Amino acid sequence: MGQMVITGLICGALLGFVMQRGRFCLTGGFRDMYLTKDNRMFYALLIAIAIQSVGVYTLISLKVFEFNAGSLPIVAVIVGSFIFGIGIILAGGCATGTWYRAGEGLIGSWIALAGYMLVAAMMKSGVLLPLDMAIKETSIETNSIAETIGVNNWLIITIFVVAVAFIVYRELKKPRLKIPGLKPKKTGLAHILFEKRWNPFITATIIGVIATLAWPLSVATGRIGGLGITTPSANILQFLVTGEISFINWGVFLVLGIFLGSLFAAKMSGEFRFRIPDTKTAINSFYGGLMMGFGAGLAGGCSIGNGLVMTAMMTWQGWISLGFMILGTWTASYFVFVRPSKKAKQAAQVITA
Amino acid sequence: MKKILEVMGMVCPFPLVEAKEAIKDLHSGDELEVQFDCTQGTESIPRWAAEEGHEVTEYEQVGEAAWTITIKKK
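Protein chains in written order, with the working numbering: chain B, 1 to 353; chain Z, 1 to 74.
Among the hints, a few may not be true.
Unchecked claim - Chain Z regions said to be covered by chain B (calculated; three or more residues, Cβ under 8 Å): (1) 11-23; (2) 27-40; (3) 49-59.
Quick caveat, the hints were computed from the structure, so don't treat them as lab data.
What you are looking at is a predicted structure, and each value in this text was computed from that prediction instead of being measured.
Where is the CB? At the ideal position from N, CA and C, for every residue including glycine.
Chain B with its partners taken away, still in its complex shape (with noise of 0.2 Å):
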């Protein structure tokens, strides 16, 4: 117990910590991938993914633990993917992001957060059980591409770590803006930790070495898994109203610790304040909050479990996962900011006519 609660909680502490500094924001990413055309966060969530998956799968090899990919429930992955991105576009961030956004003092987090944490429990065990494993029966047998095309796993993560680095390479390439940045306040470490713009790539890649770390962790407590949002987050309610000490495992001290984390870093950058947010906010906060718990629990996992742990398995079911995932966040940022913007120009129009 003491072990899963430390090792949870550092795991968890420094990812929330690297997260908020690193501004690593998914939902903003994939956003901003039709928005202004901008793919850098995306291409730093290949990063972190190839990192983890080169780094998973060693010590896989190395016998430290056993993996398996288990079945595919298709259009669970499909539908609950595409709800859950729109859900994070209306929250304003996904459940990782929510859990540091939280840890920043902004309560329009918190609210989509009780709406996330109340039906991924109510999918987990509560009256949308029988929903859920209904939807989950249409299954494919295998969920590891590898094992579907018949080749070696790592002969997939190879090609992909080669295309990866073919894209940071080309990035890495184009000429610097220069962007006017906060005149210092802080010297050396200080200035490093809690004042610099980190770069994304940087960023991208220590979350991929704490996603890795966050295997062998979780294992030694006896829960096989990596980093994972969604049911640890319903486990924390489940505990709650039913006192069931069983509910408690690694990822629940994994999720607290990103909020720790977060507000550490926050606190001591003077990035933290209780910031309320007006009624509309806080409505879509919360339906946000509530189709991110559904479409996570449906999907088997949110942009974390799905869209970095399970695409880093070279699963079928992450692959899917990260791209109806995006299609719902362009589809919700259509209603949410393209559309309003054209109809207020339509409206400037007929006013100049």
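On the provided structure of chain B, position chain Z as indicated by the hints.
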């Protein structure tokens, strides 16, 4: 002329969306001061200004999670 855009309390990416709208009404050489408190804006607003070729004349953290940035329209 200097226009002040107060978007405190707005979540990302709305401060940036609002800033893009607000700068349209300005003439070249006019300044737009954006007061915001979303942490991601500290990255996305100056990046947008740089990409568009506007000049950032002032950029300051004014308090706990509160920033102000002044952008001179190109």
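Okay, the hints, checked on the actual structure:
Closer than 8 Å: that is the beta-carbon criterion, and the segment 11-23 of chain Z has 5 residues meeting it against chain B, so the requirement of 3 holds. Counting residues of the segment 27-40 of chain Z whose beta-carbon sits less than 8 Å from any beta-carbon of chain B gives 3, enough to reach three: the coverage restraint holds. Residues of the segment 49-59 of chain Z lying with their CB closer than 8 Å to a CB of chain B number 5, which satisfies the three-residue condition for coverage.
Consistency note: the structure conflicts with none of the earlier hints.
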